[in-house]
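On the provided structure of chain A, position chain P as indicated by the hints.
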Amino acid sequence: MSVTPDGARGLPTRWRAVAGRAVAATALLTAVAFLPWLSGTDPALTVLRARSAEQDPTPAQLAAVRERLGLDEGPFVHLGRWLEGLGRGDAGTSWVSGEPVLPQVTTAFAVSLTLMLGALAVTVAVAALVSARTLYLGSRQRLLRGRAGAGAAVLAALPKFLLASLLATVCGVWLGWFPSQGWTGPASMVLPALALGVPSGAMIGGLLDQSLPAAFHESWARTWRAYGLPPGRIARTALRRALSGVLPQLLPTVVGLVGGAVAVEKIFNIPGLGRLALEAAVAQDLPPLQTATLALVLLGVGAGLAIQALRRALLGPALRDGALPALHAPALPRPRSLPWITGCCALALLTLVVAGLLRDPLHVDTAARLLPPSPDHPLGTDPLGRDLLARLGHGALRTASVALAVTAVSALLGLLIGAASQAGAGLTEVVSTLPAVLAGLLVTAVTGPSVWGAACAVCLVGWTPYAAQTSALLEQERASGHLLASVSFGAGPGYLLRHHLLPAVLPALLRNALLRLPTTVLVLASLGFLGLGEQPPTPEWGRLLSENQPYAELAPWTVLAPAAALALFAVLTVAGTATGPRRSR
Amino acid sequence: MRTTSRGIVAALALGPLLAGCFASGDGGPGTDGAGAGGRLRIALAVPPVQALSPYSNDATVLSKLSVAEGLTALDEDGAAAPALATSWKRTNDTTWTFELREATFQDGTDVTAEAVVGALDHANRAETRPRVLSDVTLTAKAADADTVTLTTKTPDPVLPLRLASPALGILSPKAYAKDGTVSPVGTGTGPFEITRLTGKTKATLDRYDGYWGGRAKAPGIDVSWIADGTARAGALRGGDVDIAEWIPTAQAELLDESTRHEVPSVRTDSLVLNTASGLFADAPLRAAARAAVDGGVLVDSVFGGYADEAEGLFGPAVPWAARDRVEVTGRAKAATAAQVREETRGRTLRLAAYTNRAELPEAATVLQQQLEKAGFTVKQDVREYTQMEADLLAGKYDALVFSRVTLLDTGDAVAYLASDYTGDGVYNIAGLRDAKVDRAVRAAAEEGDTAERHRKIMRAEAEILRTDAVVPLVHEKVVQGIADDVEGVLLDPRERSLVDVDTRIE
Chain A
0 MSVTPDGARG LPTRWRAVAG RAVAATALLT AVAFLPWLSG TDPALTVLRA RSAEQDPTPA
60 QLAAVRERLG LDEGPFVHLG RWLEGLGRGD AGTSWVSGEP VLPQVTTAFA VSLTLMLGAL
120 AVTVAVAALV SARTLYLGSR QRLLRGRAGA GAAVLAALPK FLLASLLATV CGVWLGWFPS
180 QGWTGPASMV LPALALGVPS GAMIGGLLDQ SLPAAFHESW ARTWRAYGLP PGRIARTALR
240 RALSGVLPQL LPTVVGLVGG AVAVEKIFNI PGLGRLALEA AVAQDLPPLQ TATLALVLLG
300 VGAGLAIQAL RRALLGPALR DGALPALHAP ALPRPRSLPW ITGCCALALL TLVVAGLLRD
360 PLHVDTAARL LPPSPDHPLG TDPLGRDLLA RLGHGALRTA SVALAVTAVS ALLGLLIGAA
420 SQAGAGLTEV VSTLPAVLAG LLVTAVTGPS VWGAACAVCL VGWTPYAAQT SALLEQERAS
480 GHLLASVSFG AGPGYLLRHH LLPAVLPALL RNALLRLPTT VLVLASLGFL GLGEQPPTPE
540 WGRLLSENQP YAELAPWTVL APAAALALFA VLTVAGTATG PRRSR
Chain P
0 MRTTSRGIVA ALALGPLLAG CFASGDGGPG TDGAGAGGRL RIALAVPPVQ ALSPYSNDAT
60 VLSKLSVAEG LTALDEDGAA APALATSWKR TNDTTWTFEL REATFQDGTD VTAEAVVGAL
120 DHANRAETRP RVLSDVTLTA KAADADTVTL TTKTPDPVLP LRLASPALGI LSPKAYAKDG
180 TVSPVGTGTG PFEITRLTGK TKATLDRYDG YWGGRAKAPG IDVSWIADGT ARAGALRGGD
240 VDIAEWIPTA QAELLDESTR HEVPSVRTDS LVLNTASGLF ADAPLRAAAR AAVDGGVLVD
300 SVFGGYADEA EGLFGPAVPW AARDRVEVTG RAKAATAAQV REETRGRTLR LAAYTNRAEL
360 PEAATVLQQQ LEKAGFTVKQ DVREYTQMEA DLLAGKYDAL VFSRVTLLDT GDAVAYLASD
420 YTGDGVYNIA GLRDAKVDRA VRAAAEEGDT AERHRKIMRA EAEILRTDAV VPLVHEKVVQ
480 GIADDVEGVL LDPRERSLVD VDTRIE
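Protein chains in written order, with numbering that gives the first Met the number 0: chain A, 0 to 584; chain P, 0 to 505.
Everything labelled a hint here was simulated from the structure, so no lab data went into it.
Since this is a predicted model, take the numbers as computed values, not measurements.
For glycine and all other residues, C-beta sits at the position ideal for the given N, C-alpha and C.
One thing to keep in mind: the hints can contain errors.
Simulated DEER-style distance windows between Cβ atoms [unchecked claim]:
#1 P:L490 - A:E98: 31 to 41 Å
#2 P:R195 - A:V169: 28 to 38 Å
#3 A:E66 - P:G36: 45 to 55 Å
#4 A:P102 - P:A321: 48 to 58 Å
#5 P:E75 - A:V445: 17 to 27 Å
Isolated chain P (complex conformation):
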């Protein structure tokens, strides 16, 4: 009996002992006093994957929290606006000069042409080059102390847009280590400076007083990464954070109306049909699917009202899309339900969806019913995205419920059209090979004039929709949760900015 009680005592003593280790190991003081003195507490959704390296997913964190800046930025219309460069000039087809503003890095050194050239060179030579540079060869040279000359191998009309990409944020020379890693801690130029990054869970940012655009109104930011949407919404409702991004549809209705803010997103959900093999190699069947599918019913059900019915590939978050939209003509005639049944006898439609975005599997189930009404026999395959990507690119499915950002890091729509719908596109899940589409996309890519480029993009959109390779369903909206006493949060459709110098707690 003595042994028993001794065992119990030992077990009970172990608990507090390890609890002690956990408090010192992870917590650290300051979390309870968060929000004190007007510091912003923000819950972000995607935990850092590469210690906030600008060459990864994490780049958007740097721009969202105004830590790093590029030479240019995007304005509301999606045009290039001055950032670290005050002005720029295209001297010939392939050469641009950028005039730098007087600014300092957060480590106290000056932003010089030399430093900018170094930063761009590092991006160019990065082990995995940022996507924004993958289709361009860029050479940077310092013309004088505050002028940078950029040369591209082939004419690149969207270069200023490219430079606004968060992946091309300019960091101080100190940020670039010999082994190729890049650390934005204390090396950016923005109004906020990262002082500490704790694994994948927390980061502390302080105001950078030497910011060229004036002192930020908030003294600092405490970031926590909360991957689970319900937990993020809970943190906001429980008062643990002031701003919580990307509140899932199921949770949005639980927030107070004054705290939920919807932003049209550049993300379009669509049904991508495999034109290369299987059922949908047949155009009338694709047309039948297009006619059967109604994205409108998804808006109020699956998306709980936080979406717009799709007009085309580009939604209301792309301001010029509605203005320049071209009517789709020359589509194939849809097969009737009886014809579909006859044509597909003994063959099932393999409908894929991935679980990473909770709405997609739900949408797939609704679409299944719509397609079955049109005469198809449907079988779903729902998995985690990385588990099915190889199969998708190999064309093992007939249709995919796909959520896609239509303005990629260039901020330019051509990149998306080229990678997803042209014959040699790297992400051509639809397996589309259509000479007219290729021609239309190429024409848009070569156009230098912004307004004309937009018109050509919309002409390419019409060409793509004509093939029925893709059936747009909805344009998503993002719900940002913002506590009542927070002012000046940026609601950016491109999800590139969130906090700037004016964001504050009243």
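The shape of chain A in the complex, shown without the other chains:
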């Protein structure tokens, strides 16, 4: 998927971005159009299977379907026909149901978009809460210490599907405050929006919280304070300053939920686009899959442009005129609690791993099913009577190393693509709304089921947050005065990269990557049904969570332990890398 067309180099930047989007979208839609032919599984078989699960398709039936759908004509004919139909406002008919695709996709899209806006509202509220303290103290010049960011890390590590199950059970079934399932009115939106919005809000808030001190540290803030301007005014301006770097994160984090909230859509029985796309993909029902992909691509580009406009509005002419100093974090001392938090997390995880490694994670004992925590099984047992402590301990290393490796590769990819500026921006917009499952299907189609497939698939879509962040930060940094000064002193690109560009990007990128680690673990596990990743019964944290999810109410410990372990891991990494000089200066 190369996106820097040679001919585009001489074009004005705006056109380069348009070309980037067009190339990326074309590549993606073509890849999707080839899916049934790449996968090696007869679409006639999957279509018939979707129509009627318990039947045994006879050769005659398969032939009839193949002929009816014109499968022998090959992907190009189909793609051409679909594109031609689109021009007339007709996206074809579903291979499975024979019904027109466009009404289905638009309905599902509207549902998912509404849900996403609800999640966005929650995200904004949670992000505000997370960064409120820094904002308040910073505007009053009382920001004396950095923050560990442990709270945000814990919230961001909450698995969305677990939060969804919890909310549906407690607020829906037990208390009856909101509908536990269905999509019948604004009330049914509350719980799913919370489940989706809280972790996203913590993620966005955590990033904002990290960049705010730098904004307060800039010289304008000192001047304004000296002039006696009210703290509220200073806070608002600092927020504008910090937001412009964080806003692009909304695209992969929140807008991406339109197609990527399959698990939550299932739990709340919401007829959204994520489920539609997944069902179509599994049945290899091409017309709805293509149309859903196109809708997601358009959404990504539209949202990308909107966010870009919002950033321009926030920063105003400063960005355009190169009058922006870059945000560089001040040397705040580490918070006093930091060593304690880091130490406790490290100790707890170490105990968990060591104690777990001494036990057998694979021994099935059907008589010991779902036992609550006891001296024999300190964390209880799972539905097959396996010891949870053992499974957590044995899974720790594999989970952590795969997640770290995937995150590192994604971050590196994101850094490179984000640095490619305008052309990269188009690619980022197109890919950031793409559900990981679709990437998983494409990978399965090419490589077949494999242990590394899941990691590949996640890397394929996982770089977008980092690319968005890199390009936003670099845009500011390039606009700054000191960069111009260095250039005029004869600094080459290598020097600029090492001394100006990378230092401006890396700390924020690192924080972002660490906040996203737990999500990566879960996404990796969510591709298991395609045969990607380690096969059971290998213990792995994401799998522990997803395979025990149905038992969340019956035996809460089966999901609480892995969720807590994941949160510990997240806090440890975030707090362990919190920047700033040591306390004893």
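What follows is chain P alone, placed relative to chain A:
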């Protein structure tokens, strides 16, 4: 700063705007007042795939909710009972005559022989013929206004059973469109009439007052499709629905005892061994696997008690199976653990399971441990069913944990045995080619007398089990969630009926 606040205001204004569109776009009134006036609210598990066309999976919805009827129906013993036909007669080997009852379609027209012939012809000519007709050539003719003559090319002793299939429900001529699609909306003959179908999420049914069997007690049905089992159970517990079908094992224990009703199902879970290639082409190794595997431990663990230990291929939901069961003789001698280790040196047993039914991957893990104890080295492959079906049929696995309905749409067990275990079966995952099995299945298929047919089926079962191509594990039970105030729900092992004229809210 002004821009910021303007941006925020704009963002805040967008929310309600789109929320408004969502309410009008999807919801519609009436969902809150559901249950009013005794309407039944039902949560079904499998969303419609083809707008409730009888030629797809959706056919069972039509029979479950008593929307459409066939010429015949199945009684509790699995024998054919009158439905739209009051009686039938086999005039010779290949010809049957059916006398129709006086009934009307929900669009007001009469059920005539003409209409029945038209409906059966459409099923015959459907682009993908319903499975129930795939091994028979059927010609329907109207003898007079209320007599239909059916002719088959070859003798078909189970024709009345076939006609009970939900795929052969008789709809009014209006239902069949020129482009081959079939719409059951307002065209059935049953006590309930579909008035509206909203995508894959909801359907509204009203009582059909002209039903030949009398007025239904419930004034209507509100159906919602909830694919997620936890959500379905939650809907029942939260009082959103009165009936929720197929409550998963993990959720069943959370329901009140009075609301959960278990039904033995015709579904048997078994371990299918690949006899054609790989490890299990070797009979003593198959026997070793059979001896090692104990389905009994799955009952209380994986299935939470909602299953019976397997007796054979057919379980307690098939009433005659236990009566006519034949002892299995002539099995291969099982290899010992040491022999297994020696034989399989350097080779792993590829054990497949699919994620569509949550219990199967769990069962696979338990079986893995049992097989490892017997000396095998096991590697699992767990995926979504459609992702692995091609590999399964190509014999790329040694063993599969398989959940199978043993009475297919014909309601006759021979169809299952023939497709899964005979040399030319289309679904022969075990890759079995055994002359004795083929002969036994053919003998059962040709038998016309019901009791004798059952005995021959059980003889075929014994032949199949002798080869160790399949190791039955458990016979599943289905848990139906039914609120306390609902009466008259049908608990059908074949999952073909759920609601009828007598179902009501007290």
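Structure-based check of each hint:
1. P:L490 - A:E98: 31 to 41 Å: holds, 33 Å
2. P:R195 - A:V169: 28 to 38 Å: holds, 33 Å
3. A:E66 - P:G36: 45 to 55 Å: The hinted range 45 to 55 Å holds for E66 of chain A and G36 of chain P, with Cβ atoms some 49 Å apart.
4. A:P102 - P:A321: 48 to 58 Å: Between P102 of chain A and A321 of chain P, where Cβ atoms are some 51 Å apart, the hint holds.
5. P:E75 - A:V445: 17 to 27 Å: Given a distance of about 52 Å, which is not inside 17 to 27 Å, the answer is violated.
The structure fails to meet hint 5 from the earlier list, while all remaining hints are met.
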